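> Model the full assembly from the supplied sequences, consistent with the hints where possible.
Line by line, the protein sequences are chains A and B. For the first sequence, this note's numbering assigns the number 1 to the initial residue and increments by one for each residue that follows. For the second sequence, this note's numbering assigns the number 1 to the initial residue and increments by one for each residue that follows.
Quick caveat, the hints were computed from the structure, so don't treat them as lab data. Take the hints with a grain of salt, since some may be wrong.
SDA-like, lysine to any residue: derived pairs with alpha carbons at most 20 Å apart [as the list claims (entries may be wrong)]:
1) B:Lys28 / B:His42
2) A:Lys92 / B:Gln101
3) A:Lys92 / B:Asp103
4) B:Lys92 / A:His100
5) B:Lys92 / A:Asp103
6) B:Lys47 / A:Ala102
7) A:Lys92 / B:His100
8) B:Lys92 / A:Ala102
Derived contacts from chain A toward chain B, CB cut-off under 10 Å, selection only [stated by the list, open to error]:
9) Thr81
10) Arg154
11) Ser157
12) Leu189
Treat the numbers as computed from the prediction; the structure is a model and nothing was measured. From the three backbone atoms N, C-alpha and C, an ideal C-beta is built for every residue, glycine too.
Below are the chains, spelled out letter by letter.
2 protein chains.
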Amino acid sequence: MPLTATGIYAAALRLIDVDGVEALTMRKLATALDANPMSLYHHVANKHAVLRGVARMVGTQFRTVALEDAPWQERIRLLATDFRTLAHSHPKLMGYSFSHQADFIQPEDPFLVALTAILDAAGVPHSELPQFTALGGVVITGVVTAELNGALHRWSSLKPPTVGEDGLTPPSSDVRVFRLTLDTIIMGLESQLGAEGDFQGADH
Amino acid sequence: MPLTATGIYAAALRLIDVDGVEALTMRKLATALDANPMSLYHHVANKHAVLRGVARMVGTQFRTVALEDAPWQERIRLLATDFRTLAHSHPKLMGYSFSHQADFIQPEDPFLVALTAILDAAGVPHSELPQFTALGGVVITGVVTAELNGALHRWSSLKPPTVGEDGLTPPSSDVRVFRLTLDTIIMGLESQLGAEGDFQGADH
DNA sequence: ACCTGAACACCGTTCAAGT
DNA sequence: ACCTGAACACCGTTCAAGT
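Right, here's the structure in full:
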């Protein structure tokens, strides 16, 4: 089969899933496609474009259900969980994309659009929406990134301070800390929104 | 002057501050030190060790004042601000370290030790301390990383949803979103801690 | 103990030449 | 239009040889 940009991205994704982004090489990518290394350059501009293409290809798969009738707390939880699921489907790629491709999540991407809509429904004043969207995006991507690169696991496996006891805490799963972070930020948002924090977008 | 490990780290840091981690090369590092590229390998194991050494060198500089009498909310704010200041002193290195060196922040590092102590003083039960420490670490490093790589700025510059007006929002500085995130997570923690959330560690 | 030249096994990418 | 061989300008690192 002939070379195509999407075919190249798909092959690159397979290699990345196995060996990580750092190990990806134009030459290895070519042999995986049974092609001459130089042939790739007829379909992609350079290696950076390959990585951008792969990230975009996976990022496009992100979908979250609307669920407009549910309370905003529930909707934000679902959005974050859907995002986490996508990240875990290609952890090596996503860990790279979050940190290296600052533009991986674009303003018009479904993730940020949905987040903005939810915060709007929650009653965040329009003038504050961008800041609250950024806040939500930071916390969600932050906790997922920390889970992907292992920091979340290491930090939550600390022994309780200097109590000098056995020092072993029952292993707290990453998903538990993920949920705790989500709950905490939601509670913080409720406080920020004051009394009308439980507004549920009644009939709209 | 003769080559030393710390001298190599210092030179590497200077190069990184200017051109970023990706542009750092053992050969460039050697010429910056007026040395033969191969001479470096007598003092450092390899390039990865150089990056680890530089990160450790900068990370060691992190200091935060104790301030044990202040309310925990104030202490956590100060800790996060000190951390942000350190990150901004070498943004290129820190942006790299947070994402690539999952072990950049070690359990016994002052940052996590202080964070644990503050959350302990705030009244977080001992059994939950590791999870809350991870949560705090994730949010603080997450928002600072997003600021360093520009995501925070881009996301907070979004136009308010589909109101179709001018579409221009006054530029909201990164530090404003940083503070908003901090305030929100602190409020969330207060909610999680319930009524005793305003415990201030009275006389201890 | 410390340095170094040559060399190895790679990279990404350009370009002229092929079909 | 698409492919490709050769080549360029780099990499990190090994190793034997020097002082």
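> Now look at each hint and say whether the structure bears it out.
So, going through the hints one by one against the coordinates:
1. B:Lys28 / B:His42: holds (17 Å)
2. A:Lys92 / B:Gln101: holds (14 Å)
3. A:Lys92 / B:Asp103: Cα-Cα ~17 Å, so holds.
4. B:Lys92 / A:His100: holds (12 Å)
5. B:Lys92 / A:Asp103: At roughly 17 Å apart (the allowed maximum being 20 Å), Asp103 (chain A) and Lys92 (chain B) satisfy the hint.
6. B:Lys47 / A:Ala102: violated (25 Å)
7. A:Lys92 / B:His100: holds (12 Å)
8. B:Lys92 / A:Ala102: Holds: Lys92 (chain B) and Ala102 (chain A) sit about 13 Å apart, inside 20 Å.
9. Thr81: violated (16 Å)
10. Arg154: Where the cut-off is 10 Å and the nearest Cβ of chain B is about 7 Å from Arg154 (chain A), the hint holds.
11. Ser157: holds (6 Å)
12. Leu189: holds (6 Å)
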